[in-house]
Structure formats: C-alpha cells, structure tokens
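Novice: With chain A's structure known, arrange chain B on it following the hints.
Protein chains: 2
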Amino acid sequence: MTINKNTKFLLVGLGLIGGSYARGLTEKGYYVEALTRKDKDCRYALEHEMVKKCKSGIDEEMIRNADIIIFALYPDTFIKWIEENGHLIKPGTVITDVTGVKGCIVEKIQNMLPPMVEFISAHPMAGKEVYGIENSDERIFYGANYIVVPTQRNTQEGIEACKRIGEILGFGRISELSPEAHDEMIGFVSQLTHCIAVSLMNCYEHERLEKYTGDSFRDLTRIAKINEEMWSELFLMNKQALLEQMELFEGAFNRLHDCLKNDDKEGMKEMMRISTQRRKIFDI
Amino acid sequence: MTINKNTKFLLVGLGLIGGSYARGLTEKGYYVEALTRKDKDCRYALEHEMVKKCKSGIDEEMIRNADIIIFALYPDTFIKWIEENGHLIKPGTVITDVTGVKGCIVEKIQNMLPPMVEFISAHPMAGKEVYGIENSDERIFYGANYIVVPTQRNTQEGIEACKRIGEILGFGRISELSPEAHDEMIGFVSQLTHCIAVSLMNCYEHERLEKYTGDSFRDLTRIAKINEEMWSELFLMNKQALLEQMELFEGAFNRLHDCLKNDDKEGMKEMMRISTQRRKIFDI
Chain A
1 MTINKNTKFL LVGLGLIGGS YARGLTEKGY YVEALTRKDK DCRYALEHEM VKKCKSGIDE
61 EMIRNADIII FALYPDTFIK WIEENGHLIK PGTVITDVTG VKGCIVEKIQ NMLPPMVEFI
121 SAHPMAGKEV YGIENSDERI FYGANYIVVP TQRNTQEGIE ACKRIGEILG FGRISELSPE
181 AHDEMIGFVS QLTHCIAVSL MNCYEHERLE KYTGDSFRDL TRIAKINEEM WSELFLMNKQ
241 ALLEQMELFE GAFNRLHDCL KNDDKEGMKE MMRISTQRRK IFDI
Chain B
1 MTINKNTKFL LVGLGLIGGS YARGLTEKGY YVEALTRKDK DCRYALEHEM VKKCKSGIDE
61 EMIRNADIII FALYPDTFIK WIEENGHLIK PGTVITDVTG VKGCIVEKIQ NMLPPMVEFI
121 SAHPMAGKEV YGIENSDERI FYGANYIVVP TQRNTQEGIE ACKRIGEILG FGRISELSPE
181 AHDEMIGFVS QLTHCIAVSL MNCYEHERLE KYTGDSFRDL TRIAKINEEM WSELFLMNKQ
241 ALLEQMELFE GAFNRLHDCL KNDDKEGMKE MMRISTQRRK IFDI
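Protein chains in written order, with the numbering used here: chain A, 1 to 284; chain B, 1 to 284.
Bound-form chain A, shown alone:
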C-alpha cells in the first residue's frame, strides 16, 4: 500500500475531524469520497468541493472501490459500523481511524475485519471546541501531534501508510505508541485536562465571571465547552487509565493544598520550580 495520487480515500463520517481530513486530502490533490449519516452534511461537502463523491448511509460500491478507508466516527458507532458492514471491505484495503481511545477499540476492530483488511489505528491530536462539518478546517492539523497506534498484527507497510496520511495532512510530530501506552498518555494529557476544565466551571457560579477573568482562566476553561455525548463515552471507554490519572493529579493538588495550609513556602516554591522546568520543555 503506497499512497499516491491514484489512491482512493473513503471518509466515513464528516464531522469536525472527518470534514477536516476530507478538506486536507482534497486540498493536497488526493481523490476523496465520503459516506455520512446526514444528507445535509453530504450536500455541504459536495457544495464546498471537499470530496468528489458523497452518499448518506451505506454504498457498497464506494466501500469496495476504496483503497484506504478513514473512520471519523464516535467509538461506539465505529464498532457498530464494522459489525454491520465490515464484510463489504475488499481485501487489500487499509483502514484507519481518529478515535481518541484505543485499548477497547483496536483489537476488537482487528478481530472483526475480513482477512487481508488491515486496520492501523491513529489519533490526530487536534480539535476545536465546536463541532460539525461547518467548522471543519484542515489547518487544525498543521504542526499538531499525530500518534500511530499499531499492534502485533499490523504490517510495516500499513504503519507507513498511516504515517503518510499524517504527513500529507501537515501534522508536526508523528509518533508511535502501543494501545495501552496511548490510553495512559491520553488519560493524562487530554482527558484529565478536560476533567479539570469541566470541574473548574462546575465548582462555582460567580455572577458575571467574565468581568474578572484573566487569560489564565480563559485558557484553562476553553475546553470546558465540551461535547458531552462524545466525551462521556471517551471517558468511560478509558475508565481505568483516566481514574488513575485523576488520582495522580489529586495527589499533587493535595500536596500543594497542604503546603499552603501549613505555610510551607519552600514546599510550594519547589513544586513551582518543577512545574516551570517541565513546562519549559514544550516551548523549545
């Protein structure tokens, strides 16, 4: 599977991420078709020339014609789609996804696929606080992180094809993690931060809070505008890893709380020195 300008991509799902994939691939001159759930998204994609062809629902011919299928669906919907339609995928097809949790998805999907269909999972670490095809924008990927999540069952060729998609879309760092390491990492850097932002907005209802906030509060709570359907599902699918990360965070937060309570200025300063040092690495 070498990706070239004859490669036929099929996007399944044209929400924010799927739509942005479609725009990015089309923009770079690749041939893209798409299947969506809603007629109106299909019309939108065609009107905006995001794809060459689009149908709502299932189209057996489009599925058979695809060389690479990219699933941009919620985890549950993705599994259900493969259960119902996986048999329509022709041998030799590579399929990939954009799902934010991996442990409970990757092997399950790999086990359901017909022989000779390779599923190589990926996580594009980009997004917005708004949803839907109308907000899709290929530029959200530029310079962002892209994680490829292979298992023992993946081929080097499949992994390379998956990485190539990340390159085409303009991602910055492209790396590999096992499903378990991915979920631990994502529990920390993505899900825990969303838990914090949600908690922060829940703990207090100040009247006219917006009059008093500085940038720091705005930055910390930007992601508190959250798609509750998707994120509650992602949290539950990564329950154990996320609970562990939440408990680690609480441990550190309690340490700081106790330093303050005990007037332990040195203890606070030490934690601040550590955070400053670790955070600086990101800006290099």
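Worth flagging that the hints you see were computed from the coordinates, not collected in a lab.
Hints are all accurate, no fakes.
A pair holds if it fits inside one copy or across any two, identical chains being indistinguishable in the list.
Dumping the calculated DSS-like pairs for lysine-lysine here, alpha-carbon to alpha-carbon at most 25 Å: (1) Lys265 / Lys239; (2) Lys80 / Lys269; (3) Lys211 / Lys280; (4) Lys128 / Lys265.
Specialist: Structure of chain B alone, referenced to chain A:
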C-alpha cells in the same frame, strides 16, 4: 485629581507590569518618571524612551513632584516602601498599585499614609509567563480586565482617576470590587488556576511528553511556568480565600471522579452541560 497631559506620573518598580504601564502611559503622551531597584533597568527604560526620567533607589524630589504614583512592586516590598518612604509623598497625591491580593494590603497601606494622600488600589488582570522590563509590553493590557478595589476611605474622585488610568492603558472591562470580593474572585480565577497548572506538571513526569500533547494540555499548563517567589507570596497572602477555592474545586473534581467510577454517564454529561453553558458566556 483630574488626569490630563500635565499630570506627572511616577512609576515605582519597572518589572513586567510596571514597565508595561510606563510604556503605555508614555505612548499615550503622558509624562512619566520612574524609580527602580536596579541601575540596569533604569538605563533600559531611558534607552527605550519608556520614561522621561529614571533613578534607582529613592529620589525625594521625584516623589514630591508626582501627582500620581503607581506602585508595581511585590506586596511585601510595597508595604516596606510605604513604611520607609510614605512620609515623602506630598498631600494631594493619588497613589495606586497593581498588587494581585488586596485584603492584606489595602487597609494597611491606607493606614500608613500621610493625611491627604489617597491610596486607591487596582488590579490589572494581565501578565505573561516571562518577567522583567525587557519583556514589558503595553499591549498586554489591551482589552483585558481591570479591577478597581476601593474602600470606605476612598473618594469618588480617586476612584475615577484610578479608572481613568485603566482606560488610558486600553483595558477592556473596568469594574469595582471590595477587597474581600476581589480576593475571593482572584482566589478562584487566578490563583486556583495556577495551582492546577502547577499540580498538573508535578503529578507525572512522562518522557518526551511534548510529542503527545494537544492544545488543551498546552493551554492548561502555560501558566505552570511560574515566578515561584512572587506566586508563593501571593498564595500565602490570600491563604484562606485560596484554600476555600481549592476545596471547592476538589469537591467538583471528586464528583466527576465518582461519576466515572460508578459508570454514571448521565452525571458526567450533566456536569459537562453545565461547564459548556457557563463557559460560553465568556465568548459573547
């Protein structure tokens, strides 16, 4: 005290915030002098035409000549400065500050000042993760929030002069809070967020974390690069209010933790709906 182009401003302290005040006022055509602790900051300010006159240390004539004195010092240093030099301030002078906590400062300073010198406290809610005059930039104030913190002892004239400074510097929303309400608010929107960012960077040392982070983690931890000297002092000066805010946050965070632990999807979704709704108000 009506501010006009004959008004003589004296900045005491030319760090990030003091330097930005100096730049902003000079830029708008006002006459600004400054006192600094370090010779080199003095030279920097003069070389960059941020002020008309600058001395390091104390200059009695400059203090007597000022119509408005703006203190941009750490809280402890501010109190010490007034203790030692407050008697040099001439009657009719208005003094203001930029201090991030108020309860333990405002009345104390007001009690120490000579008669006919009015202290009207302000909190410019702007900053950067970097420090010092070299990083000062008047644009950090544009559109930001500016809180005036009067007590019973302030005059309407003093309050108006203080607000006028905020307007001149280009702040967006200018509002008034009592010292107690200010400290509660700041405990929540500013100090608590810094506690969270510091804790988040302390709870886990992932190798090469930067390869996997998305925007949300970067945004939440931007302020984890923190001036430990200043912030540990600010935390301790606002200890009770901050401890309360930390405990409120922990309560909400634990609620989310327990929802997840108990597979309570509806409970998580409800918290996410609340956070989304509350956070949206900021973007109007």
